[in-house]
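Chain by chain, the residues run as shown.
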Amino acid sequence: MLSAVNVSIESLNLMTLVPMLIPIVGALLIIVIELIKSSQDKSLYVMLSLLILGIDFAFLLESAGIFEKNGTVMGVFDVMLIDGLAILSQFIIVGASMLFIPLALTHKRFHEFSYPEFFALFLFMISGFQFMVATDNLILVFVGLETASLALYTLIAMHNRDKSFEAAVKYFTMGALAAGFFSFGSMIFYALTGSVEINQIAEVLSANGYADIGFVLIGVTFLLASFGFKLSMVPFHTWTPDVYEGSSAALAGYMSIVPKIAAFIVAMRFFEFLIHSGVVWLEVILYIGVVVTMTMANVWALVQTDVKRMLAYSSISHAGFVMAAILIGTTQSNSALFLYWILFSFTNLGSFSMLWISRQKNLPAHQQSDHSYDKFAGMVKTSPVAASIMALFMLSLAGLPPFALFWGKMYMISSAITGGYTVLALIMALNSAIAGYYYLKLIVYMFMKEPVVENNGHVYVANATLPLKTIIGIAAIGTIFAFVAVNGLLELITAFVYNSGY
Amino acid sequence: MLDHILSILIFFPALAAMLGFVVHKDSMRAYGTAVATIEFALSLWLWFVFDANVSGMQFMEQIALVPTFGINYIVGVDGISLFIIILAAFFTMIGIASLGETKDVKNMIITLLFLQMTMVGVFAALDAMVFYLFWELSLVPMLYIIGAWGGPLRIYASVKFFLYTFAGSLVMLVGMLFMAYFYYQATGEWSFAILDWYRLILPESFQIWLFVAFFFGFAIKVPMFPFHTWLPYAHGQAPTIGSVILAAILLKMGTYAFIRFSLPLFPDASVYFMYPIAILAIIMIIYTAMVAYAQKDIKQVVAYSSVSHMGVIILGTFALNVEGISGSIFLMIAHGVVSGALFLLVGVIYDRRHTKYMSEFGGLASVMPRYATIFGLMLMASVGLPLTINFVGEFLSLLGFYKQSHILTLLAGTAIIVGAIYMLAAYKKMFFGVVTKEENKNLPDVNKRELIALIPLAIITVWLGIYPKPVLGPINTSVESVVGLMHEKAITKEAKSRIPSIGKDIKISRNSVEEAH
Numbered sequence: 001m002l003s004a005v006n007v008s009i010e011s012l013n014l015m016t017l018v019p020m021l022i023p024i025v026g027a028l029l030i031i032v033i034e035l036i037k038s039s040q041d042k043s044l045y046v047m048l049s050l051l052i053l054g055i056d057f058a059f060l061l062e063s064a065g066i067f068e069k070n071g072t073v074m075g076v077f078d079v080m081l082i083d084g085l086a087i088l089s090q091f092i093i094v095g096a097s098m099l100f101i102p103l104a105l106t107h108k109r110f111h112e113f114s115y116p117e118f119f120a121l122f123l124f125m126i127s128g129f130q131f132m133v134a135t136d137n138l139i140l141v142f143v144g145l146e147t148a149s150l151a152l153y154t155l156i157a158m159h160n161r162d163k164s165f166e167a168a169v170k171y172f173t174m175g176a177l178a179a180g181f182f183s184f185g186s187m188i189f190y191a192l193t194g195s196v197e198i199n200q201i202a203e204v205l206s207a208n209g210y211a212d213i214g215f216v217l218i219g220v221t222f223l224l225a226s227f228g229f230k231l232s233m234v235p236f237h238t239w240t241p242d243v244y245e246g247s248s249a250a251l252a253g254y255m256s257i258v259p260k261i262a263a264f265i266v267a268m269r270f271f272e273f274l275i276h277s278g279v280v281w282l283e284v285i286l287y288i289g290v291v292v293t294m295t296m297a298n299v300w301a302l303v304q305t306d307v308k309r310m311l312a313y314s315s316i317s318h319a320g321f322v323m324a325a326i327l328i329g330t331t332q333s334n335s336a337l338f339l340y341w342i343l344f345s346f347t348n349l350g351s352f353s354m355l356w357i358s359r360q361k362n363l364p365a366h367q368q369s370d371h372s373y374d375k376f377a378g379m380v381k382t383s384p385v386a387a388s389i390m391a392l393f394m395l396s397l398a399g400l401p402p403f404a405l406f407w408g409k410m411y412m413i414s415s416a417i418t419g420g421y422t423v424l425a426l427i428m429a430l431n432s433a434i435a436g437y438y439y440l441k442l443i444v445y446m447f448m449k450e451p452v453v454e455n456n457g458h459v460y461v462a463n464a465t466l467p468l469k470t471i472i473g474i475a476a477i478g479t480i481f482a483f484v485a486v487n488g489l490l491e492l493i494t495a496f497v498y499n500s501g502y
Numbered sequence: 001m002l003d004h005i006l007s008i009l010i011f012f013p014a015l016a017a018m019l020g021f022v023v024h025k026d027s028m029r030a031y032g033t034a035v036a037t038i039e040f041a042l043s044l045w046l047w048f049v050f051d052a053n054v055s056g057m058q059f060m061e062q063i064a065l066v067p068t069f070g071i072n073y074i075v076g077v078d079g080i081s082l083f084i085i086i087l088a089a090f091f092t093m094i095g096i097a098s099l100g101e102t103k104d105v106k107n108m109i110i111t112l113l114f115l116q117m118t119m120v121g122v123f124a125a126l127d128a129m130v131f132y133l134f135w136e137l138s139l140v141p142m143l144y145i146i147g148a149w150g151g152p153l154r155i156y157a158s159v160k161f162f163l164y165t166f167a168g169s170l171v172m173l174v175g176m177l178f179m180a181y182f183y184y185q186a187t188g189e190w191s192f193a194i195l196d197w198y199r200l201i202l203p204e205s206f207q208i209w210l211f212v213a214f215f216f217g218f219a220i221k222v223p224m225f226p227f228h229t230w231l232p233y234a235h236g237q238a239p240t241i242g243s244v245i246l247a248a249i250l251l252k253m254g255t256y257a258f259i260r261f262s263l264p265l266f267p268d269a270s271v272y273f274m275y276p277i278a279i280l281a282i283i284m285i286i287y288t289a290m291v292a293y294a295q296k297d298i299k300q301v302v303a304y305s306s307v308s309h310m311g312v313i314i315l316g317t318f319a320l321n322v323e324g325i326s327g328s329i330f331l332m333i334a335h336g337v338v339s340g341a342l343f344l345l346v347g348v349i350y351d352r353r354h355t356k357y358m359s360e361f362g363g364l365a366s367v368m369p370r371y372a373t374i375f376g377l378m379l380m381a382s383v384g385l386p387l388t389i390n391f392v393g394e395f396l397s398l399l400g401f402y403k404q405s406h407i408l409t410l411l412a413g414t415a416i417i418v419g420a421i422y423m424l425a426a427y428k429k430m431f432f433g434v435v436t437k438e439e440n441k442n443l444p445d446v447n448k449r450e451l452i453a454l455i456p457l458a459i460i461t462v463w464l465g466i467y468p469k470p471v472l473g474p475i476n477t478s479v480e481s482v483v484g485l486m487h488e489k490a491i492t493k494e495a496k497s498r499i500p501s502i503g504k505d506i507k508i509s510r511n512s513v514e515e516a517h
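Sequence order for the protein chains is A and B. In this text, residue positions in the first sequence follow the numbering used here: the first is 1, and each later residue adds one. In this text, residue positions in the second sequence follow the numbering used here: the first is 1, and each later residue adds one.
Hint data in this document are derived by calculation from the structure and do not stem from the laboratory. Please note that the accuracy of each hint is not assured.
Stated by the list, open to error - On the chain B side, residues computed to face chain A include the following (Cβ under 10 Å):
{"hint": "1", "residue": "ALA64"}
{"hint": "2", "residue": "THR68"}
{"hint": "3", "residue": "LEU139"}
{"hint": "4", "residue": "ALA148"}
{"hint": "5", "residue": "VAL159"}
{"hint": "6", "residue": "VAL174"}
{"hint": "7", "residue": "TYR181"}
{"hint": "8", "residue": "TYR184"}
{"hint": "9", "residue": "TRP197"}
{"hint": "10", "residue": "TYR198"}
For every residue, glycine included, the Cβ atom is placed at its ideal position computed from N, Cα and C.
All chains should be modelled from the sequences, with the hints used to inform the complete structure.
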């Protein structure tokens, strides 16, 4: 006879679920509003989403306070794991989402924002990412990943252009393949260790001294491939430029930040114990992956003729740069990852938003693509402020001090040095130099070339409204005055990462 | 007030540049001149209150920036940096005052003021990260000046300038991070303060690697052979004001950094690399002199001769004794004055004829006598005629290196004499003979605005050539302490014998020095 299982509500610690449940409840609320009284203006949904994310953020602050006092909290049958990494990454996810959602309030009318489903899906996606980072259970990671990805595919397709459909289908196919790889990899580790919890897997593997190293390697290969897709590591990156080109600039900027930080966290939880367990092969593969991703993406970015595709390749390169943190695997490098990504969010979201406000409904004859370099030629003559802000973001992406990304780059290279990866540090530095060229190219177009056709500068801010300008202003201020915040951020991040045992 | 004079010197131009956006474009020239004059007056005041008997840093300020990682805003000035700061303020002032007809003059002046902030910042910074910050930031205004106001190939030239220096300084950044890491290992604390680093003694092998890393950053900036290829393009395409600032100040960042970083941080490596670098410097002197002789364009002649003289500065620096280093610092100032003046002079004739080919001229001495006189004076200074400013620096630099190697000094000395040939040949082609071209017959002589810039430069050239002591004194005091520090820190026998002992009490206490590893 089965004995009754007694579970007290206290031991479930349901509070750990609250930050993820808030966006879900919010999404349902939006759908209900639509049911009761349809065809509301998009501004209602934007503001509702913003408020819901604000509440989410407040609860994250709450759990950050709890973490500082009590350390890591487990909940819901030990499936939820609220440690420093989970909290920090959720801050990035929710924060970047709050910066993204007002971008829907464009001057021109775009198809996707007229549907309340867009905002509901958006909120579902956020909760998916939050689940992904707040657990070390591979099944919950999978569920979170799929929730988020499926929502994201739809968001892309809703942009309603031929290229968007292509992008969505491409992303979906690649994503499905990656999901397959992920489940295969998890299955192998379950077969080896009898557990789907990463810390259990690590314990069992080290207890038996990696006896089945062959199977471990196969499992790692599958997982590496799946994360390769999600993080757009070379050679799994091929979807990235097309998908970014097909989606709206705002969403492309969002995709370069939020899905990747979620994947980074899982990769950090999973790969770091493996690298330090002496599985030499993995270290070599990751090393090569990091170097190739950084370098090749930079080289491809050099030859692009469209700014958005250039930024797509540049964000692949940045992802490779940050992946180095997982390879190095020290507390400093993991802190550098967070510092880098927070600063990167501001800058990259800012630069994609600049593209977004210059979005035209119809392409003029002389223009090959939405954001070709020619379009920005001589921009300083007609709209000097916009050109200067764009140049600021480019300089920051190139890693010029004292702008935001420099501090991330510097701390990351320093962590490579302290971790003993001297050659890697040099490669990272030289890659920043290569990257300098294509960021500079846009500045050259904006500041030093003559306009291709006479325009009154309206095209560069055609899509701008006060909310969009506010977001760009926030991004610009964050980029310029990063040096004020770096110290505080660094102290906070290091404490959180260190206390989580990474 | 005096406690913050350096910060005021650094950020006043930047603030003025911001406010300059409001000023109407017709009044911008006056505004820029006024701001730059105030800045120059402040820098002169700094000289006035500077205590020439103190060898260490003065007017130091410290503000925490990222204290967890050891990055602080630290600025200070000693005899080595003082005069370069004054020179930077001076050249920005006369550069703006003598600015010829320029399109978008407002943007140009705002850019120049930002550039001034970064220049003063580089020479005042005493924290490696702050130094790096200003060092990198100085690329942006210069990129814009060359790229927006330059000649037909301006975009190529500006991007080449930017990428070359950017790549070199990233390698330098890795070196700096390494240095900080060694300091962390030795003391358990992160620090990027240069004065903290001075107290660290590193094993020779580490010194060599770090020296190389820093060398890339500095050598590209100087630019040393074989990294000099960006400079002729930059000079060739840059507008006059860009060339003047580039030659007079920006290049000095590299040679200054050698003295501020490489020598005191890595004394053994400096000795180890003394001969290779000296040979590079001599190749640089001879090779660029020969290239200069082959040029048809007067601006290229001046550009290559400027590179050639930078070689002498490097040679003096790596003499590693007080005479050599003091001489090289003095020569930095002299070279700034003279080559800056020469570029201004080239600009004068370019404004009139819109060509820089020497074959287009000839017999200008009869048409523009005042111009020919000033040009002649600056040319004599450039070839190192005694009683002009360059002579003092070159003589001391060579004297310093003579103590290390007779033969190499002899080679460098003859090369300088060769230098006289191309300069005199160029002068002959342009100024002597009869006027052959119709256009040249009625060229107006230098006007008032140009004289405002040229006369002070001519006065300085002669004054410091005859009586260099007011400048050389403070330089000497500070250099003595640097050389003393190097001697004290040197580990190998070779280095101890190459770097002379000063015989004074060196202020660093031996027991506070810990070895990394």
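(message) Tell me the numbers of any earlier hints that the structure contravenes, in ascending order.
(response) Structure breaks hints 9, 10.
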